[in-house]
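A.B. asks: Produce the complete structure using the sequences and hints provided.
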Amino acid sequence: MLVLTVGMVFLSVLEFSLWQLKATEKWYLQEYKLLSQIASTQVEASYLSGVWPFEVLHQLTKSGNVVFWRVVKPDGTIKIADDVALWGKKVTQPELVDIEVLTIKESRLPTTREKIKIVIVPLNIMEKSKPWNFWLGISLKNLMFARRQAILTGFVLCLVALLISGIASFLLARRITKPISELVRSTRMISSGNLEHKAKATTGNELGSLAESFNEMADSLKKTMVSRKSLSSIINSIADPLVVTDTEGKINTVNPSLLELLGYSEQELVGKPAGTLLAEAEAEAEAEAEAVLLKERGLARIFKETVVRGSEATCISKSGERIPVSISGQVVKDTLGEIGGVVAVLRDLREARKLQQQLVQVEKMSAVGLMAGGVAHELNNPLGVILGYIQLLLGETSKDDPTHQDLKTVESAVHRCKTIVQNLLSFSRQEKVVSVPVSVAQVLQSVLTLIGHQMEVNGVKIVQNIQDNLYSVKGNVQQLEQVFVNIMVNAQDAMPGGGELTINAENIDKQVRIVFKDTGCGISPDILNRLFEPFVTTKPPGKGTGLGLSVSYGIIKDYGGNIEIQSKEGTGTAVTITLPALL
Amino acid sequence: MGFVKRTVLPALVLFLGTLWFCPQELRAEEKSAVKAGYGWSVQGKGANVKEAVKETLAMVRKNVERPDFLFLFSTVGYDSQALLEEVNKQLGRKVKIYGGTSCLGVMTSDGFHIGDSASMAMLGISSRNIVFGVGSASLDEEKTARDAGRKAVLAAIKNAGKKEMDSKPDIIFMTAAPGEEEGILDGIADVVGRDVPVFGGSSADNDITGKWHQFANSNVYSNGVVLAAVYTDLKVGYTYETGYLRSTEQGVVTRAKGRVIYEIDNESAAVVYNRWLGGKFDDIMENGGSILSRATFHPLAKTIRGERGQTYYVSIHPLSIDLPQKSLTVFANVNTGDNISLLQGNWEMLLNRCYSTPAKACLQGELTKDESSFAVFTFCGGTMLAIPEDDRAKMPALVKEAIGSTPFIGVFTFGEQGFLPGFGSAHGNLVSSMVVFGE
Chain A
1 MLVLTVGMVF
11 LSVLEFSLWQ
21 LKATEKWYLQ
31 EYKLLSQIAS
41 TQVEASYLSG
51 VWPFEVLHQL
61 TKSGNVVFWR
71 VVKPDGTIKI
81 ADDVALWGKK
91 VTQPELVDIE
101 VLTIKESRLP
111 TTREKIKIVI
121 VPLNIMEKSK
131 PWNFWLGISL
141 KNLMFARRQA
151 ILTGFVLCLV
161 ALLISGIASF
171 LLARRITKPI
181 SELVRSTRMI
191 SSGNLEHKAK
201 ATTGNELGSL
211 AESFNEMADS
221 LKKTMVSRKS
231 LSSIINSIAD
241 PLVVTDTEGK
251 INTVNPSLLE
261 LLGYSEQELV
271 GKPAGTLLAE
281 AEAEAEAEAE
291 AVLLKERGLA
301 RIFKETVVRG
311 SEATCISKSG
321 ERIPVSISGQ
331 VVKDTLGEIG
341 GVVAVLRDLR
351 EARKLQQQLV
361 QVEKMSAVGL
371 MAGGVAHELN
381 NPLGVILGYI
391 QLLLGETSKD
401 DPTHQDLKTV
411 ESAVHRCKTI
421 VQNLLSFSRQ
431 EKVVSVPVSV
441 AQVLQSVLTL
451 IGHQMEVNGV
461 KIVQNIQDNL
471 YSVKGNVQQL
481 EQVFVNIMVN
491 AQDAMPGGGE
501 LTINAENIDK
511 QVRIVFKDTG
521 CGISPDILNR
531 LFEPFVTTKP
541 PGKGTGLGLS
551 VSYGIIKDYG
561 GNIEIQSKEG
571 TGTAVTITLP
581 ALL
Chain B
1 MGFVKRTVLP
11 ALVLFLGTLW
21 FCPQELRAEE
31 KSAVKAGYGW
41 SVQGKGANVK
51 EAVKETLAMV
61 RKNVERPDFL
71 FLFSTVGYDS
81 QALLEEVNKQ
91 LGRKVKIYGG
101 TSCLGVMTSD
111 GFHIGDSASM
121 AMLGISSRNI
131 VFGVGSASLD
141 EEKTARDAGR
151 KAVLAAIKNA
161 GKKEMDSKPD
171 IIFMTAAPGE
181 EEGILDGIAD
191 VVGRDVPVFG
201 GSSADNDITG
211 KWHQFANSNV
221 YSNGVVLAAV
231 YTDLKVGYTY
241 ETGYLRSTEQ
251 GVVTRAKGRV
261 IYEIDNESAA
271 VVYNRWLGGK
281 FDDIMENGGS
291 ILSRATFHPL
301 AKTIRGERGQ
311 TYYVSIHPLS
321 IDLPQKSLTV
331 FANVNTGDNI
341 SLLQGNWEML
351 LNRCYSTPAK
361 ACLQGELTKD
371 ESSFAVFTFC
381 GGTMLAIPED
391 DRAKMPALVK
401 EAIGSTPFIG
411 VFTFGEQGFL
421 PGFGSAHGNL
431 VSSMVVFGE
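From first to last, the protein sequence lines stand for chains A and B. Position one of the first sequence corresponds to residue 1 (the numbering used here), numbered consecutively onward. Position one of the second sequence corresponds to residue 1 (the numbering used here), numbered consecutively onward.
No lab work stands behind these hints, which were simulated from the structure alone. Hints may be right or wrong, so weigh each one.
[Said to hold, decoys possible] In silico DSS-like links for lysine-lysine, alpha-carbon gap of 25 angstroms or less:
no.	chain 1	residue 1	chain 2	residue 2
1	B	Lys211	A	Lys128
2	A	Lys89	B	Lys62
3	A	Lys73	B	Lys369
4	B	Lys235	B	Lys162
5	A	Lys22	A	Lys115
6	A	Lys90	B	Lys369
7	B	Lys369	A	Lys89
8	B	Lys360	A	Lys73
9	A	Lys128	A	Lys62
[As the list claims (entries may be wrong)] Just a few of them, taken from the derived set where beta-carbon distance is under 10 angstroms, the chain B residues facing chain A:
no.	residue
10	Gly289
11	Arg353
12	Asp391
13	Ala397
Ideal placement from N, C-alpha and C gives every residue a C-beta, glycine not left out.
C.D. replies: Here's what the structure looks like:
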C-alpha cells in the first residue's frame, strides 16, 4: 500500500513537473521569439544607417542562453555573425535558408552536438525580393537543467513530504499505540498476578478513559482476589507437604515441605505426573499391587470422589525410601465449575507408625510383666516351701547318703527357680528395691572393672566415651550393674570372634544417655521387636535364660527411663538407655 | 622559308622559352600593376623574433616574393632593434621599411592578432606604379617638431629618388612618437604644402608608458618621426573619420596652451567638461587624475574650418584632470579661441567604423573591392580598448566586409593623422583612417 502510494505520488510529481516544463519551454521560446524580433528590428534600423547593432547583439550573447546570432542572406550566405569566422560562409542546412515567416527550428551545435532552437526572423532587408534572416540560436541547456532541477526538486520535495508525513504518521500512530501497548502490558502484568501495577493514563482521550477504567478494574480485583504472590506465600508456609496438579494429573505446584519430604527439587517434579510421587509400578508384585492400590487411594481417587480425607498411601522418595503418608485433598474448580486440577496435602505417617509400634510394645511388655509377676509371685511361695522341706531333708540325711546328694541337686534347681522367679519379679517391677542417687559413671567403671578384662581377653576392644560430670540418676547400684552387665555380655556373645564395643555416656537435656554399640552379628528384624519379652533369646539353648533383657527392661522402666535396641544384621547392634537425671 | 627557319623560328622558341621559364612573379606582374602580400605572427619575443619574422615574411612572400616596400607594425613585446635587423637580414636586400609599434595587437586580412606577449604584421608591396621613399628624423635631435617634420619629409622624398621640386608625393604616411604631431605636420606642410594628404598614427605601446618605437628602414626611433612618401599613378582613396555623435554641449576655449585646456568659456575646463557629462567625474574632481579610459566615449571635438567653409570636428581625447586649475590635459593641441564641443559615442559606433571608414575610403577613391590593391588601416588604440574583447575580432572582419579580399594591414595608435579637404592634414584622437590603393 505504501509502495503504491509512493509510486502514485512520484508519478503525479513527474507528470506535474513535465507539464510545468512544457509550459516553461513554451514561455521560454516565446520570450526568445520576442527578443529575436526586437533584435531584428535593431538590425534593420542599424543596417539602414550603415552600421550593425553590435552592442545589442553583444548583450544578447551575454544572456547565457543565446549561443549565437547571425544575419543570413537569402542565398544562405552569412553576412555577419557573432563568430567572425562564419562571415561570408554558406549555411549548410538548406531548410534553414530563405525563411519568410518567423520560424523556430530545431538543430544541434556542430561543435558540441548540443540541442538548440533557432529562432529565424525575416528582416525588412530585401535582396531579390527575398528577405534577409536574423537567426538567434537558443541553448536549451539551461532549460534542460531547469527541467532536471524541477524534477529533482519535485522528487526531493515529494520525498521530504513523504518523510514528514511518515514521521507524523509514526508519531501519531505511536501516540495511539503507545497507550494501547501500555494497556496490553498492564493486562499482562495483572494477569501474572501483579495487581499493584497501574496503567499509565497519559492521554485525555478515550484511551485515557480506558486506562483509568482498567486501573479501577485492577483495584477491584486486588480487593476481591488473593494474589498469586499471596497464594504462593500461603502454599509455601504450609507445614504439610502439598501438591497441586492439573486436570491431567501433572504436577503444577509443590511446596517446600513436599520437596523436603521426598528429596526432590521443584524443577524435578513440576510437569511430571503426580504418580511419580507414589510407589513405582516396577516394584515387586506385592508392592506394585499396593502401589496401585495406594495410587487408587491417593490422587486419582480425588478426581473420582472430588474430596478425599486421610487416604493412606506410600510415597517413594528420591532416595527410594518408602514413606507412608496420609493424603487429603480435593479437586479445584473454576468459577464455571470446570475441574482445573487437584490440590492435595500429604502427611508423613512415619513417626505416627513408630509411636504406634512403641505403644503396642509397651502394652505387650506391660501385659507380659503382669503375667510374669503373677506367675513369679504364685511360684515364689511354693518354691519357698519346697526349699524349706529340702533343707529339712538335708538336715536329716548324711552327706554320704545318696539321697543327700539328690536333695542337693533339687535344692540347686529350686535355687535356680527362685532366681528365675526373682528375675521375673524384677522384670515385672514387683521387686522392692531402695532407690538412691547413683553415679552412672561409677557404675560403668565398676562393671568395666568386673568384666572388662575378660572381654578383652575374648578379643573385644572396649572404647569408652564417658562424659565428665555425668549426671547421677536415682536407682539401685546393683540393678544398674545388672543391666549394664547383661548388655555387655550380650555384646560379647554377639562378637565370638572379637570386635569392638563402644560405650558412650553423655548428658542430654535432663537425661543421661548411655549407648552400647557393638560390631557383632546383629539381630534379625523378626526378633528385634520381641527382644524384651521374657525367655526370648538369640543364644543357643543352655547359654541364656532369655530373661536378661527382660529384667533390664523392667529395671530401666522402673527408673522412669527408656531402653531401645537398633540392630542390623551383619553390622552390629546399638542399645540405648536413657535415664532421668538427678538434678 | 629559310629565313623563317633560321631566324624567326629560333627567335620564337627562345621567346616562348624565356616566357615559360621566367619567374612566376614576373608573369603575374604582367597581369597586375601591384603585388601586395601580408603576413603576421604571434610568436613571442626574444629568441623567437627570428622565427616570428620568418613566419611573417613567408606569408608575405606567398603573394609578393620580393617586396620593394614593407609596412611593419608590431607590438612592443619585441626588441624593436632586433626585429628590424632580423627583417632586413631575412629580406636579404635593401627594402624600404616603414612602421612603428602598435597598441596591444595588429590587424591583417586574417584577423586581429594578439599574442601572449607580442605580435607583428607586415604588408609587402611591389609595384612599378608606386615609388616609396622613407625618411625619418629624431625629435630629440631637432629643435622643433616642425624641423623634424621638414627633415623627415625631405629625406623621404630623397629616398624615393625624387627631388623636392620635381613633384609632390601623392600621399605621405606618418608614424611619430606621440606628443608633437601638429608640429610635425606643419613641418611636412612647409615642404610639400598642405594639400598633400598625410595619413598615419602615432606609435603606441600597451600602457602609455613610452615604450613605443618608430621604424625607418634600418633605424629605430623611440622619439622620432618616420614618413613614407608615396608616388603613384594608382587610384588612392582615403578617409579620416571621427565617428562620434555631436552633443549640444559646446563652448569656446578661453585659455589653452599646447595640449592643456585651462578654461572653456572662462571657467575651469574640467569643471565645464564634468558638468557637460552630468557629473560623471565628480569622484576625480577633488584630487584630479587620469580619465583616459572613462572619457573614450565622451571625447571633446575641436571645430576646424576648411578653406571653402567646410566644418570638421576633430575628436580630442581627454587624458586627465589636473589640479589646481582643474584643467584638462588632452592628446591633441588646442588653441585659445577654438570652438570645442562634446561628442558622445559607444563601442558599437566605434566598432562600426571598421566598416564605414574603409567603405568611405573606397568611395572617396572611386575604388571597388575588386579594384583595390592594398590598404592601410589606422585605428585609435584607446578606441580599440573600449571595444569588448570578445568583439575585437569583428574589426578586421568588418574591414574585409568593406574592401573584400584586398590585403590590408592595421595598426592601433595613440593619435591619428589624416587629411581634411580644404584644411589639410590634421591630428586628432579616437579617430580611424583608411588609405586604399587600387588600379
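A.B. asks: Confirm or reject each hint.
C.D. replies: Quick rundown of the hints versus the structure:
1. In summary, the hint linking Lys211/B to Lys128/A is not supported, as the alpha carbons are separated by about 53 angstroms, beyond the 25 angstroms threshold.
2. Restraint check: the Cα-Cα separation between Lys89/A and Lys62/B comes to about 24 angstroms, which is no more than 25 angstroms; the hinted pair holds.
3. Between Lys73/A and Lys369/B the alpha-carbon distance is near 19 angstroms, which keeps this suggested pair within the 25 angstroms criterion.
4. This hinted pair checks out: Lys235/B and Lys162/B have alpha carbons roughly 20 angstroms apart, not beyond 25 angstroms.
5. Distance check on the hinted pair: Lys22/A and Lys115/A sit about 16 angstroms apart at the alpha-carbon level, within 25 angstroms; holds.
6. Distance hint between Lys90/A and Lys369/B is fulfilled; the C-alpha atoms sit about 20 angstroms from each other, no more than 25 angstroms.
7. With a C-alpha separation of about 18 angstroms, the suggested pair Lys369/B and Lys89/A falls inside the 25 angstroms cut-off, and the hint holds.
8. Restraint check for Lys360/B and Lys73/A: the C-alpha separation of about 23 angstroms stays at or below 25 angstroms, so the hint holds.
9. Restraint check: the Cα-Cα separation between Lys128/A and Lys62/A comes to about 34 angstroms, which exceeds 25 angstroms; the hinted pair is violated.
10. Look at Gly289/B: its Cβ only gets to about 28 angstroms from chain A, farther than 10 angstroms, so that hint breaks.
11. Here the hint on Arg353/B is kept, as its CB sits about 9 angstroms from the closest CB of chain A, short of 10 angstroms.
12. Using the Cβ-Cβ criterion of 10 angstroms, the hint placing Asp391/B at the interface with chain A is satisfied: the shortest such distance is roughly 6 angstroms.
13. At a threshold of 10 angstroms, the smallest CB-CB gap from Ala397/B to chain A is about 4 angstroms, leaving the interface hint in force.
Checked against the numbered hints given earlier, this structure breaks hints 1, 9, 10; the rest are met.
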